[in-house]
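Trainee: Given next are the chains, with one letter for each unit.
There are 2 protein chains.
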Amino acid sequence: MTDYYLDDFKPGDTFTTGSASISEREIVDFALAYDPQPFHTDPAAAKATIYGGLIASGFQTIAFGFRLIWDSGVLRAASMGSPGFDELRWLKPVRPGDTLHVEMEVKEVRVSQSKPDRGIMRAFYRYVNQSGEDVLSYTAMHLLRRRP
Amino acid sequence: MTDYYLDDFKPGDTFTTGSASISEREIVDFALAYDPQPFHTDPAAAKATIYGGLIASGFQTIAFGFRLIWDSGVLRAASMGSPGFDELRWLKPVRPGDTLHVEMEVKEVRVSQSKPDRGIMRAFYRYVNQSGEDVLSYTAMHLLRRRP
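These protein sequences, in sequence, are chains A and B.
So the first sequence is residues 1282 to 1429, counted in the numbering used here.
So the second sequence is residues 1282 to 1429, counted in the numbering used here.
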């Protein structure tokens, strides 16, 4: 697997992750711990909402896709965390059995002025379901090591 | 407990949640599932990073605080989900044993033009640790029911 460092990313570069499916059990377990709104925890109550059935917590969707990004290896060598995300948008519900993958596009790369061994890479992410619909998008800032 | 609807929020209103502590076990379990970066999963490896020890995944921190918001009841009657968050910033690491609470300030309230039974409330959130430091902030859009 290739190791990517800050120096290896250029605006316009794109990466696509593998895909994974989310189960009703995963959705309900996450929601009971962190986001117990009825449309995330109770399939019967969820039917009566605007969603027409159980949907994943948006917090879980972000994290579920990040696992795919991590497993793709693109951040593995260089990631030192993230200062923040911008324009996080939940575009479509994620339902039990949905299969997601993530598309990433590099937007900006800059070396830190004060700590020249690292820098910030900004990337735009889209999480895409099995029907090709975008379900979530955001721009992330990644603090990345430079190539040693 | 008071039920709040869209009509009950005005710009400048503030709410403070209860507090809760996060354990090393919770941090590691979440990270193994969703964000297995070494500084979230491995206390020994984390010592050698810029964080100097294990820290919570930022995805977990957002969700952990949302649980406090939900439990405060302020969104319970009216929440229909969220279209998105803006300017999400992880400001300080969250470490095992940290105790967080959340401060919310209403920024904007507007009724939907197309669906007059609901609308958007925008609020600024700060998650605060036991030392009074902000660890996370963001602006959320909430889709809320109007008072029936």
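Hints may be right or wrong, so weigh each one.
Said to hold, decoys possible - Below are the DSS-like pairs computed for lysine-lysine, each with C-alpha atoms no more than 27 Å apart in a straight line:
| hint | chain 1 | residue 1 | chain 2 | residue 2 |
| --- | --- | --- | --- | --- |
| 1 | B | Lys1291 | A | Lys1328 |
| 2 | A | Lys1396 | B | Lys1328 |
| 3 | B | Lys1396 | A | Lys1396 |
| 4 | B | Lys1373 | A | Lys1388 |
| 5 | B | Lys1373 | A | Lys1373 |
| 6 | B | Lys1388 | B | Lys1291 |
Claimed, not checked - To spell it out: a stretch of chain A is covered by chain B in this simulated footprint if at least three of its residues, at any positions, have a beta carbon under 8 Å from a beta carbon of chain B; those stretches are:
| hint | region |
| --- | --- |
| 7 | 1323–1330 |
| 8 | 1369–1382 |
Quick caveat, the hints were computed from the structure, so don't treat them as lab data.
Fair warning: this is a prediction, and the values are worked out from it, not measured in the lab.
A virtual CB, placed ideally from N, CA and C, is assigned to each residue, including glycine.
Trainee: Hints first: check each against the structure and report whether it holds.
Mentor: Going through the hints against the structure:
no., hint, in the structure
1, B:Lys1291 x A:Lys1328, "violated (31 Å)"
2, A:Lys1396 x B:Lys1328, "holds (20 Å)"
3, B:Lys1396 x A:Lys1396, "violated (50 Å)"
4, B:Lys1373 x A:Lys1388, "holds (25 Å)"
5, B:Lys1373 x A:Lys1373, "violated (31 Å)"
6, B:Lys1388 x B:Lys1291, "holds (8 Å)"
7, 1323–1330, "violated (count 1)"
8, 1369–1382, "holds (count 3)"
Checked against the numbered hints given earlier, this structure breaks hints 1, 3, 5, 7; the rest are met.
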